[in-house]
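In case you want the letters, here they are:
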Amino acid sequence: MNEVSRNPRRALSRALSRIANAGVAETLAQQGKSITPALSRIGVTGAPGAGKSTLIARLAKLRKGDARKVAVLAIDPTSPISQGSILGDRIRMDSIADDPDIFIRSIPSRRAHDGLTDNTADLLNAMEGHGFDEVILESVGVGQAEYSIRTLVDTVVLVMLPESGDAIQAMKAGILEMADIYVVNKSDLPGAQLMAAEIQQVAERQSTDGWTPPVISTSRNEPDGFAELDAAILAHAEWRKSHRDQTVTQRARARYQAQGLFARRIDEILETDDPGLLDLDPQSLFDALRDKLASDKRD
Amino acid sequence: MSLNGKRILIAKPGLDGHDVGAKIIALALRDAGADVIYTGLRRSPDYIARVAVDEDVDAVGLSILSGSHKELVEETMRCLKELDAGDIHLFVGGTIPSEDHDELVQAGARGIFTAEMSLNDVVAAVEADLVT
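Taken in sequence, the protein lines are chains D and H.
Residue numbers for the first sequence follow the working numbering, so the first one is 1 and each next one is one higher.
Residue numbers for the second sequence follow the working numbering, so the first one is 1001 and each next one is one higher.
Hints listed in this document are in silico derivations from the structure and should not be mistaken for laboratory results.
One or more hints might be untrue.
Cβ-to-Cβ under 10 Å is the rule here; a few derived chain H residues that face chain D [to be verified]:
1) Lys1006
2) Gly1021
3) Ile1024
4) Ala1034
5) Val1036
6) Asp1054
7) Leu1065
8) Lys1070
9) Glu1074
10) Met1077
Far from chain D, some chain H residues (derived; all Cβ distances over 10 Å) [claimed, not checked]:
11) Ser1002
12) Gly1017
13) Ala1026
14) Asp1100
15) Gly1108
16) Leu1119
Every residue gets a Cβ at the ideal spot worked out from N, C-alpha and C, and that includes glycine.
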């Protein structure tokens, strides 16, 4: 079914599938057709079980209160064995599931090893192109690879649990330094206050150009924390306007996308087109790939 | 054959609160390569149809142990059509007496799976229906 559905949600949802499944040539052919300036993208990341999905449900409702249409893109890992996945984020977003102004889409990570998925950038663009003012991207925290989500979104929220160890552990894993806002979730658990205080110290050292990442405690029984998070996101958006260079952001995103497309094209060549190349020595393999890429035609 | 790239929603409509079967089926489909979304318990047909649309699934599997399979299958089908999504395939599994099967097929069910079937047979039937 390729015709556009008369139901706009179905039209968007089918467009997202096409983008998610597109190979490199098709992805490139689609580029440039809709240039929508990113209004606001929030990335929420953290270890499995940190409570990201539940937190996003609370947050999406608050963000919507500021007269926005909010879309959520929730990425769950693909099984390396079967290539299948269980996309379980949505079940935690119960409280917003009935809201027609909130769109939730679950996507498997596929080949991507950075907590995101193939064509993430294009998926975000498509959601923005369909009239959503704000996109919340949920990804599984994978330590240092959080660099990717940082490139694609405007505000990174890192969600941590009190029992995930002390701040030293977090620093070791490389996940501190990456976020614009820190959340200690399930803050009614023992150790939460100590952890928040430790992260606060790290965050203060991280202060740049007048933005010190706030550390916010949230828990199911403490609704004020979510309002505080909402306010922090707004404050960060304000700060960004005067302190982030759009050219730098744009270039970083273009670079991320180009690297992803090249990596996937090479996968396509080595998995489907010509797996025999893998038996060559590294120099010959590199030369063969270069020639192959050079002969790729524009659709 | 494999279900790679296929998206399937496993849904529990109605009032029965037992979802061990639904979860086992979800895992079996995942192991066959599908991307599986599970709704959780006690969802309305209207909710299930809207999730099916937003998630752009190829098929919806309803797990029903309450006995109201006829009403729930008909209602889910009606809601899907209302959202311009009548082409999404519908399966139903659970405790479903054989005398009801014809009627469910007429209501739009592409497959009916009962506890007597092996997991492999269920997955094979879904594959045969979705992968052509």
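Hints versus structure:
1. At a threshold of 10 Å, the smallest CB-CB gap from Lys1006 of chain H to chain D is about 9 Å, leaving the interface hint in force.
2. For Gly1021 of chain H, the suggested interface contact is broken, since its CB lies about 15 Å from the closest CB of chain D, more than 10 Å.
3. The interface hint given for Ile1024 of chain H is broken, as the beta carbon of that residue sits about 12 Å from the closest beta carbon of chain D, more than 10 Å.
4. The interface hint given for Ala1034 of chain H holds, since its Cβ lies 5 Å from the closest Cβ of chain D, which is under the 10 Å cut-off.
5. Taking 10 Å as the C-beta cut-off, the interface hint given for Val1036 of chain H holds, the closest approach to chain D being about 5 Å.
6. Contact between Asp1054 of chain H and chain D, as hinted, is supported at the beta carbon level, the nearest pair being about 5 Å apart and thus within 10 Å.
7. Hint on Leu1065 of chain H is violated. Least Cβ distance to chain D is approximately 19 Å, over the 10 Å limit.
8. For Lys1070 of chain H, the shortest C-beta to C-beta distance to chain D is roughly 25 Å, which exceeds 10 Å, and the interface hint is violated.
9. Because the beta carbon of Glu1074 of chain H sits about 20 Å from the nearest beta carbon in chain D, more than 10 Å, this interface hint is broken.
10. Restraint check, Met1077 of chain H versus chain D: the minimum CB separation of about 16 Å is more than 10 Å; hint violated.
11. Listed as outside the interface, Ser1002 of chain H is inconsistent with that label: its C-beta sits roughly 8 Å from the nearest C-beta of chain D, within the 10 Å cut-off.
12. Every Cβ of chain D is farther than 10 Å from the Cβ of Gly1017 of chain H; the closest lies at roughly 15 Å, confirming the non-interface assignment.
13. Residue-level check failed: Ala1026 of chain H sits 6 Å from the nearest beta carbon of chain D, not beyond 10 Å.
14. Look at Asp1100 of chain H: its CB is around 29 Å from the nearest CB on chain D, clear of 10 Å, so calling it non-interface holds up.
15. Every beta carbon of chain D lies more than 10 Å from that of Gly1108 of chain H, the smallest distance being close to 17 Å; the non-interface claim holds.
16. Against the 10 Å criterion, Leu1119 of chain H stays outside the reach of chain D, whose nearest CB is about 14 Å from its own CB.
Checked against the numbered hints listed earlier, the structure breaks hints 2, 3, 7, 8, 9, 10, 11, 13; every other hint is satisfied.
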